[in-house]
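Protein chains: 2
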Amino acid sequence: MLYAPGAELIPFPSITAVATAVAAGMADAGVVPIENSLEGSVNETLDMLIDETQVRISQELVLPIRQCLLVKPGTQADEVRVIYSHPQALAQCRNYLAYFFPNAQVAATASTAAAVEQMMKDDQPAAAIGPQRAAQLWGAQTLAQNIQGPRPNITRFVVLTLRDHPPTGDDKTSLCFSFAEDKPGLLYQVIGEFAQRRINLAKIESRPMKDSLGSYYFLIDCQGHRQDKVVAEALAAVKAHATRFKVFGSYPRYQEGS
Amino acid sequence: MLYAPGAELIPFPSITAVATAVAAGMADAGVVPIENSLEGSVNETLDMLIDETQVRISQELVLPIRQCLLVKPGTQADEVRVIYSHPQALAQCRNYLAYFFPNAQVAATASTAAAVEQMMKDDQPAAAIGPQRAAQLWGAQTLAQNIQGPRPNITRFVVLTLRDHPPTGDDKTSLCFSFAEDKPGLLYQVIGEFAQRRINLAKIESRPMKDSLGSYYFLIDCQGHRQDKVVAEALAAVKAHATRFKVFGSYPRYQEGS
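Chains as they are written, first to last, in the working numbering: chain A, 26 to 283; chain B, 26 to 283.
A couple of the hints might just be wrong.
Copies of one chain are not kept apart here, so a pair can be met inside one copy or by any two copies together.
Derived lysine-lysine pairs resembling DSS-like cross-links, with alpha carbons at most 30 angstroms apart [claimed, not checked]: (1) K271 x K146; (2) K264 x K235; (3) K254 x K97; (4) K235 x K254; (5) K228 x K97; (6) K97 x K146; (7) K146 x K264; (8) K271 x K235; (9) K97 x K271; (10) K228 x K146; (11) K235 x K146; (12) K228 x K271; (13) K228 x K264; (14) K97 x K235; (15) K254 x K146; (16) K264 x K97.
Note that these hints are calculated values from the structure, not bench results. It should be emphasised that the depicted structure is a prediction, and the values quoted were computed from it without experimental measurement.
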């Protein structure tokens, strides 16, 4: 399951920082969340993939999320006045927080790592929501575990490197594209380039182009590797329709226990 | 531009609260943000539209966002230790905050209205990011205006009521659907039901179904009213493909100055 069991693990305070560290050669690989089963796409990751020119997706990981409530050793639950975490983790734990900390102030941070760091140096009694591993890294104490609610909470992560992965025979390819004009049939034609070649689409998503309201990048995950013949043909056809076109990478499809 | 100039305006602390107020008859109409030109879809609104059974979209409004930094009268900028706002507003103003308040703590609230309310009753020197109108409502002082950065910052709002809007001849329809199985061609077929009838799609979006990773609701905005003959045909065809199918409403397409 782990990408590189012997690797040195370096925490960075945000998704963009992880990508920049890989692009700058400060890290060989970066792991960032891209999608959660409850909260949906992680927009910062999608926008980074659209904008960043050097990093590629070379692997995906699918991991269950088990959020913990972490405090400085000795802090009691009834003392906690502020709770730090990433907005996505705060959203996952909103029921727990509403029941047990209705009066605590909730503070958004750029990552769960940053949340734990900020909690540890806060003067007032604070807590952070993050994974158990963060408690070990920062010497925090775990007040509660599995506070993310009863529904399946699974996050897909992608591994960023400077090159994507060679074909394995069971791969996925992630890409984005945009159109210059808002012609009715263009998206249909593009999806047709995949459907007519029997290439399954695992996901379709849109993100704002940020120049006006109503103009979007479309992001697609399709089955197969960009070097597979039919996928290569489909991608060339999509590129011909698109104004902007970018392949984020091809990588092995995640399999349970892999 | 205003929906009902003589109406009494009641602030609610969250998007879900606005929808619930309309469903419960506490308000005749509710206005909630659905999409921003920089940050993309407002997930809480999309999930509420999927889950909520009583409210419909009866109108859309497209408004420029001008965020202000608000404080209690007399508070100086260099005293501010915590800054409250909705995560979307905080994201829009992240450059301003990084330049002028690099050391302030940033705290997420359920809405900009809740941010201003919380700021006004905070004991420590605080600020809130919100619209100018919020300053008037809560008696706050405006320290800075237009802090949302240089890119076009426009938000589309929808008006929620118990019934959608009668046809006007220039309408939009918003809907969602899902499939039981992950068949390659299904989304293509559904988009084809619109494309073959020359019905333009203004937007396509996906949201997690929250039962497992990789299962999605698709959300579409199409041109035309659900009572228009071709749109009604397309919707019936989509419904035949779908496991879950819901029309959020048909409403007049927003026009500048309307």
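Hint-by-hint comparison with the structure:
In this assembly of identical chains, K271 and K146 lie within 30 angstroms of each other by CA distance neither inside one copy nor across copies; the values are 41 angstroms within and 48 angstroms between. When the C-alpha separation of K264 and K235 is checked against a cutoff of 30 angstroms, the pair qualifies only within one copy, where the shortest distance is 21 angstroms, while the shortest distance between copies is 33 angstroms. For a Cα distance limit of 30 angstroms, the shortest separation of K254 from K97 qualifies neither inside one copy, at 55 angstroms, nor across copies, at 64 angstroms. For a Cα distance limit of 30 angstroms, the shortest separation of K235 from K254 qualifies neither inside one copy, at 34 angstroms, nor across copies, at 35 angstroms.
Taking the shortest Cα distances, K228 and K97 never come within 30 angstroms of each other, neither inside one copy (41 angstroms) nor across copies (46 angstroms). Within a single copy, K97 and K146 get their C-alpha atoms as close as 9 angstroms, and across copies as close as 28 angstroms, so both meet the 30 angstroms cut-off. Taking identical chains as interchangeable, the C-alpha atoms of K146 and K264 are never at most 30 angstroms apart, the minima being 50 angstroms within one chain and 54 angstroms between chains. Proximity of K271 to K235 under the C-alpha cut-off of 30 angstroms is found in both arrangements, the shortest distances being 17 angstroms within a copy and 29 angstroms between copies.
Taking identical chains as interchangeable, the C-alpha atoms of K97 and K271 are never at most 30 angstroms apart, the minima being 45 angstroms within one chain and 47 angstroms between chains. Proximity of K228 and K146 under a CA criterion of 30 angstroms is satisfied in neither setting, with 40 angstroms inside one chain copy and 44 angstroms between copies. Taking identical chains as interchangeable, the C-alpha atoms of K235 and K146 are never at most 30 angstroms apart, the minima being 36 angstroms within one chain and 35 angstroms between chains. In the homo-oligomer, the alpha carbons of K228 and K271 lie at most 30 angstroms apart both inside one protomer (16 angstroms) and across protomers (20 angstroms), since each shortest distance falls under that limit.
Proximity of K228 to K264 under the C-alpha cut-off of 30 angstroms is found in both arrangements, the shortest distances being 18 angstroms within a copy and 20 angstroms between copies. Taking identical chains as interchangeable, the C-alpha atoms of K97 and K235 are never at most 30 angstroms apart, the minima being 41 angstroms within one chain and 33 angstroms between chains. Taking the shortest Cα distances, K254 and K146 never come within 30 angstroms of each other, neither inside one copy (54 angstroms) nor across copies (63 angstroms). For the identical chains of this complex, K264 and K97 are neighbours neither inside a copy (52 angstroms) nor across copies (53 angstroms), given an alpha-carbon limit of 30 angstroms.
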